[in-house]
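S.K.: The opening position of the sequence shown corresponds to residue 1 in the UniProt record's numbering, with each subsequent residue numbered one higher.
Heads up, some of the hints might be wrong.
[Unchecked claim] Using 30 Å as the maximum straight-line C-alpha spacing, the simulated DSS-like pairs for lysine-lysine come out as follows:
hint, residue 1, residue 2
1, Lys145, Lys156
2, Lys171, Lys286
3, Lys171, Lys149
4, Lys356, Lys388
5, Lys110, Lys80
6, Lys31, Lys110
7, Lys266, Lys356
8, Lys356, Lys248
9, Lys266, Lys231
10, Lys286, Lys266
11, Lys85, Lys171
12, Lys155, Lys134
13, Lys356, Lys223
14, Lys152, Lys133
15, Lys110, Lys85
16, Lys286, Lys248
17, Lys31, Lys64
[As the list claims (entries may be wrong)] Derived Cβ-Cβ restraints for the label pairs, each shown as a range:
hint, residue 1, residue 2, range
18, Ser16, Asp186, 22 to 30 Å
19, Met332, Ala302, 18 to 26 Å
20, Ser16, Thr363, 29 to 37 Å
21, Lys133, Pro351, 33 to 41 Å
I should point out that these hints are in silico values taken from the structure, not numbers from a laboratory. Each residue gets a CB set at the ideal place from its N, CA and C atoms; glycine is no exception.
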Amino acid sequence: LSNGWNDSQMADANLSAAQWYHGLLPREDIKQLLRNEGDFLVRMSEPKEPGRREFVLSVMFDPKADLIKHFVINRSLTNKYSIDKDTFDSVVDLVKHYQDSKQSLTSTYKVTIQRPLTRRSWQLDHCDIESTKKLGEGAFGEVHKGTLKLKKGGKKVDVAIKLAKLDVMTKEQIKDIMREARLMRDFNHPNVTRLYGVAATQEPLMLVMELANNGALDSYLQKNECNLEKKMEMCTQSAWGIEYLHEKNCLHRDIASRNCLYGDGKVKIADFGLSRIGATYQMNPKCRVPIRWLAPETLRTAMYSQKTDVWSFGIMCWEILNNGQEPYPGMMVAEVHVKVKEGYRMPLEWPGIDSKFCNLVNTRCWAENPADRFAMSDIAKGFEAFTKIPRPFFDEGKKSDASRDGSRQGADVSMMTGKRKK
Numbered sequence: 001l002s003n004g005w006n007d008s009q010m011a012d013a014n015l016s017a018a019q020w021y022h023g024l025l026p027r028e029d030i031k032q033l034l035r036n037e038g039d040f041l042v043r044m045s046e047p048k049e050p051g052r053r054e055f056v057l058s059v060m061f062d063p064k065a066d067l068i069k070h071f072v073i074n075r076s077l078t079n080k081y082s083i084d085k086d087t088f089d090s091v092v093d094l095v096k097h098y099q100d101s102k103q104s105l106t107s108t109y110k111v112t113i114q115r116p117l118t119r120r121s122w123q124l125d126h127c128d129i130e131s132t133k134k135l136g137e138g139a140f141g142e143v144h145k146g147t148l149k150l151k152k153g154g155k156k157v158d159v160a161i162k163l164a165k166l167d168v169m170t171k172e173q174i175k176d177i178m179r180e181a182r183l184m185r186d187f188n189h190p191n192v193t194r195l196y197g198v199a200a201t202q203e204p205l206m207l208v209m210e211l212a213n214n215g216a217l218d219s220y221l222q223k224n225e226c227n228l229e230k231k232m233e234m235c236t237q238s239a240w241g242i243e244y245l246h247e248k249n250c251l252h253r254d255i256a257s258r259n260c261l262y263g264d265g266k267v268k269i270a271d272f273g274l275s276r277i278g279a280t281y282q283m284n285p286k287c288r289v290p291i292r293w294l295a296p297e298t299l300r301t302a303m304y305s306q307k308t309d310v311w312s313f314g315i316m317c318w319e320i321l322n323n324g325q326e327p328y329p330g331m332m333v334a335e336v337h338v339k340v341k342e343g344y345r346m347p348l349e350w351p352g353i354d355s356k357f358c359n360l361v362n363t364r365c366w367a368e369n370p371a372d373r374f375a376m377s378d379i380a381k382g383f384e385a386f387t388k389i390p391r392p393f394f395d396e397g398k399k400s401d402a403s404r405d406g407s408r409q410g411a412d413v414s415m416m417t418g419k420r421k422k
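With the hints as extra help, turn the sequences into a complete structure.
M.R.: Encoded structure:
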């Protein structure tokens, strides 16, 4: 409790109830919220030194220049709060004074706060989230099954909760989690995991997502026998999900069966911790990466593109056909690294499988030259031709209960068969 966060919070018990308080929301999200001159919010950050958290009042100063000013709210040893000379008993009192009086926050130049930016519907309250069972853990933290009480109507829904292991997170860890949430807020597709929202007013930070009742795809494949028809359906659904991400200009960068969920007969692409918006992404070569799923050009240059996602999708198809087995069985990671760059490809075969399917993966997912690989949309069309499964028609603008409650949730997305929405 020595990082300043809990002490500060206890010193101002009414703060968390204030809708203009956004907790650990980083600057990157603030840019999307503060639009007009005088728009403001209060958040928690580490403005001066790592590990020391303080309250920050962020206000839109000049919309034309997209200039936001950030004022550290100082706390004295006697628990008085100030920005300039005037002191107050609480952050709530400070904000009320400057908002009501229209007094400038600083004597150096004139800047006033006018309209509070209240928390958005995707910004959840910890008190509405309840964990019921731990499902697993990874590098980020733990995943729990739980419930979320929706703000509208008070209905409780089953959810998956992703939360950090650490009691106190670094500024960079917070930014990474919030970036993942920022990406997922824009997704609404039956084969992509949906986000209810993020709880960030206090720690631990929580990403709250729709729950897939069968858990991770790799685990499901390892524990359950699936016939070839079901496996081909899984591949097709995965292709639709990745195609949608690419339409959203999103590089997933970590396509693998372990990063997909399976529930109600649907594969859902998940785990967007490494995902980035853009046509390409140059990664730091020193970062740890899942070698067995990487395209040869990524192994050589650490460069990612939509075509590297296509390669990884081909590897995932192999995983699905082989019951969630790890790719390149019997080979060490270092050997895989060398062999793939030399042109080695895993045998892709299965009793009764159409040779055209194997050819599509071998020549259009695993082509050495990225330019020779199909776009994900063409891969998806190929799978539709093999499986004869109709593409799901869905209305991306249609919201379920949670979405109407303000969250980007879509477990109840209307599903009809037919032509894809243009």
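S.K.: Hints first: check each against the structure and report whether it holds.
M.R.: We went through each hint and held it up to the structure:
1. Lys145 <-> Lys156: Given pair Lys145, Lys156 holds - Cα atoms ~13 Å apart, limit 30 Å.
2. Lys171 <-> Lys286: 21 Å, holds
3. Lys171 <-> Lys149: 28 Å, holds
4. Lys356 <-> Lys388: 14 Å, holds
5. Lys110 <-> Lys80: 23 Å, holds
6. Lys31 <-> Lys110: 21 Å, holds
7. Lys266 <-> Lys356: 24 Å, holds
8. Lys356 <-> Lys248: 29 Å, holds
9. Lys266 <-> Lys231: Given pair Lys266, Lys231 holds - Cα atoms ~11 Å apart, limit 30 Å.
10. Lys286 <-> Lys266: 36 Å, violated
11. Lys85 <-> Lys171: The hint holds at about 29 Å.
12. Lys155 <-> Lys134: Given pair Lys155, Lys134 holds - Cα atoms ~22 Å apart, limit 30 Å.
13. Lys356 <-> Lys223: Given that 30 Å is the threshold and the Cα spacing comes to 28 Å, the pair holds.
14. Lys152 <-> Lys133: This hinted pair holds, its Cα atoms lying about 25 Å apart.
15. Lys110 <-> Lys85: 15 Å, holds
16. Lys286 <-> Lys248: 28 Å, holds
17. Lys31 <-> Lys64: Since the Cα atoms of Lys31 and Lys64 sit roughly 13 Å apart, the hinted pair holds (cutoff 30 Å).
18. Ser16 <-> Asp186: 22 to 30 Å: For Ser16 and Asp186 the Cβ distance comes to about 27 Å; the hint holds.
19. Met332 <-> Ala302: 18 to 26 Å: 21 Å, holds
20. Ser16 <-> Thr363: 29 to 37 Å: 57 Å, violated
21. Lys133 <-> Pro351: 33 to 41 Å: 38 Å, holds
The earlier numbered hints that this structure contradicts are 10 and 20.
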